[in-house]
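Engineer: These protein sequence lines map, in sequence, to chains A and B.
For reference, each letter of the first sequence is one residue, going 317 to 613 in our numbering.
For reference, each letter of the second sequence is one residue, going 553 to 823 in our numbering.
Do not rely on the hints blindly, as some may be mistaken.
As the list claims (entries may be wrong) - Partial selection, computed: residues in chain B whose CB lies under 8 Å from chain A:
id, residue
1, A560
2, S592
3, V596
4, L655
5, Y674
6, F678
7, L699
8, V703
9, A778
10, L787
11, S792
12, V806
13, F807
To be clear, the hints were calculated from the coordinates, so they are not data collected in a lab.
Note that the coordinates shown come from a computational prediction; the quantities given were computed from them, not determined experimentally.
C-beta atoms are modelled at their ideal positions from N, C-alpha and C, and glycine is treated no differently.
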Amino acid sequence: MLRLNEGRVAFLLVLPTLIILIGLAIFPLGWAGAIAFRVENLFRPDIGKWVGLRNFKHLLAEDTFWKSIRLTLVWCLCVVSIQMVLGFLFAMMLDTRARIVGVLRTLIVIPVFISPIAMGLTWQFMFEPVAGVINYCLELLGLPGGTWHTSTDTALMAVMIADIWQWTPFVTLILLAGMQGISPEVIEAARLDRVRGWKYITNIVIPLIWPVVMVVLLLRLVDSIRVFDLIYIITRGGPGTATLVASVYDFTIFQAGRLGVMAAYGFLILIVINIVVILFLRLLYRQEKEARRVQKA
Amino acid sequence: MRNPIRKAVDVAAVFLVAIYLAPIYWISLTSIKPMNEINSKEPVWIFEPTMEHYVQAFERFEFGKALLNSSIIVFSATFITMILALIAAYALSRMKMRGADVLSLFILSLRFMPAVVIAMPYYLMFLKAGLIDSHIGMIIVYVGYGLPFAVWIMRGFLKDLPKEIEEAARLDGLGWLSIIRRIILPLSGPGIAVTAIFTFVFNWNEYLFALYLTQANAVTLPIQIAKMVDAYTVLWGTISASVVMQLVPMVVVVFLLQRHMIRGLALGAVK
C-alpha cells in the first residue's frame, strides 16, 4: 500500500488547485496557441485549416497593428512613469504617524477597489465637452476647455488621466508599506547625521525601498500592457484608432470573427509580458544577491 | 514636539486627498439630481434630491437581475476559491514538500496571464460545453481567475505563523485535516478575511471574461452598466445611480480592511 508521507499529502492538497489551473489556464493557452497557426472564423466554423505563420504575417503587414503597438508603448511609458512619481510623492506625504493620516491612507485607496467600468463612465461623464464638470472648472480658472475623449488629438490623454487617477493610489499604498518597513534606527541615524530633504530621499529612502519599487513597477507595467476595461468603456478604442491599444484592438479582431489572427496577436502580447516579467525577476534576484553580499562584508 | 513643516504637509495631504476623491462625490451627487439639472451647463449645487434614477435603474435596466447574478457568481466563486487556496497554501507554506517554491512561483506566474489570450478559448470551450451565459460557467471562470493571487497571499499569511504549532498538535495526535480545521483556521482569521475580500473585489469588478461569456441570462453588474451606455440616449442619471450602487460595496470593503489592506497588498505584491 502507498504510504502517505508528508510530501505526498502536501502534493495531494495542492493537486485540486493545480488541476483547476491547468484546466483553466494552461489548456486554454495551448488551444489559443494552436489557433494562432490556423484560419478559424467565428461565424464560419467550416473553413478552419492550418496555415503556419500566415496569421502573424497578416498582422505584421497591417498599419493598424503597428499603430496599436505604438499606442501601447506610449501608454505604458506615460501612465506608469507618472503613476510611479506621483505615487512616490503621495507615499512620502502619508508616511507619518499623525492620526489623521491613517484615515487619509484608507480614503486614498478607494479608487483601486472600484471597477474600471464604473470609473470609466464617471470620467466620461466629467469629460463631456459641453456640459462636463471638468471643462466648467477650467473655464472658472480662465482656461480653455478641452475636447477630451471625443477628439482624436486628446482622447489618449483623457484615458491616461483616468488610468493615472485610478492606479496611483496602488503605487502609493505599496511604497508606503515599504517605507514603513524602514527601521526607526536608520531614520534616527539619518536625523543625527543631519541627512535631510532631497539627500534623505535619494540616499536613504529610495535605496532601502528599491526592491518594493521594482515590484510595483513590474505589476504596473504588466497591467498597463494588458489594459482593456477602462479604455474600452470610455472610447472603444476610438475616435478612429486614437486609443486602440493592443488588448482593445485584439478584441475588435475577435468581434470581426478572425480567431486565428486574434490568437496570434494575443500570443505576441503574452510573449512581451513574459519578457518583461523575466527581466524584472532576474534584476530583482541579482540585487538580492548583491545586497546579501554587502551585508556579509 | 512636532515639526512645523511636517504639520503643513499633513494639512496639505488632507486637502489633496479631498480633491483626489472629487470624481466619486461628483458621480454620487449626480445620481440624486433631478433629470433636468444633470446636463445643465453650470453645475447645480443646490437641488431637491431624488431617488428616481435608482428606481429607473431597477425598473428599466434590469439592475436587480444583474445584481443578483453578480452576487450569486461572485459569492460562490470566492467561497470555492478560498477553500482551494487555503488547502493549497497550507501545503505550500507549512509542509515539507519538494518543489514547493517552484510550484508557488508557477501558480503566481498565472496572475500575469493576459485575459485577452485565454478568453477566446474559454468562449469556444463553453460553446461546446453549453456553458455560455450560465452562472456555473462564470463561477468556473472566476475560480480560475482568482485562485493564483489567493494562493499566493494566503501562503504569505500562513508562513508568518510560528512553526511550532503543528509539532505540538501532532504530538497531541491530531491528523492533517484536524490541524487545519482546529488550529490553523482559527489562527489565520485575518489572513483569510483579507484574501477573501481581495478575491471578492477582483471578481466583483471583472469585465473582460463576462463580456465574452455572458449574453442575457448571466449578465453581471459591470456588463449591465456598460450596456446602459450603448442602448439608449445616454441617461447619465441612471448610469450614475448604477455606478454608485456598484461601487458602494467596494467602499465598504476598503473600510472593513483598513490597516489589514496594506499588509494584504504588500504580501501579495512583495513577498
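Engineer: Against chain A, run the beta carbon of L655 (chain B) and see if the smallest gap drops under 8 Å.
Structural biologist: 6 Å, holds
Engineer: Per the CB criterion, is F678 (chain B) less than 8 Å away from chain A?
Structural biologist: 11 Å, violated
Engineer: Less than 8 Å between beta-carbons is the criterion; does A778 (chain B) satisfy it with respect to chain A?
Structural biologist: 6 Å, holds
Engineer: Would you check whether S592 (chain B) satisfies its interface hint, that is, whether its CB is within less than 8 Å of any CB in chain A?
Structural biologist: 7 Å, holds
Engineer: Does V806 (chain B) pass the interface check with chain A, least Cβ-Cβ distance below 8 Å?
Structural biologist: Because about 5 Å separates V806 (chain B) from the closest Cβ in chain A, which is inside the 8 Å limit, the hint holds.
Engineer: Against chain A, run the beta carbon of V703 (chain B) and see if the smallest gap drops under 8 Å.
Structural biologist: 6 Å, holds
Engineer: Does the CB of L699 (chain B) sit less than 8 Å away from some CB of chain A?
Structural biologist: Hint on L699 (chain B): holds, closest Cβ of chain A at ~6 Å, below 8 Å.
Engineer: Double-check Y674 (chain B) for me: the hint is only fine if its C-beta lies closer than 8 Å to a C-beta in chain A.
Structural biologist: Where the cut-off is 8 Å and the nearest Cβ of chain A is about 6 Å from Y674 (chain B), the hint holds.
Engineer: Let me know if the C-beta of S792 (chain B) comes in closer than 8 Å to any C-beta of chain A, holds or violated.
Structural biologist: Holds, about 7 Å.
Engineer: A closest beta-carbon separation below 8 Å is what the hint needs, so does V596 (chain B) meet it against chain A?
Structural biologist: Nearest chain A Cβ about 11 Å off; hint violated.
Engineer: With a cut-off of 8 Å, does the beta carbon of A560 (chain B) approach a beta carbon of chain A closely enough for the hint to hold?
Structural biologist: 11 Å, violated
Engineer: Does F807 (chain B) hold up as a contact with chain A if the rule is Cβ-Cβ below 8 Å?
Structural biologist: Interface hint status for F807 (chain B): holds (7 Å vs cutoff 8 Å).
Hints 1, 3, 6 and 10, counting from the list given before, are not met by this structure.
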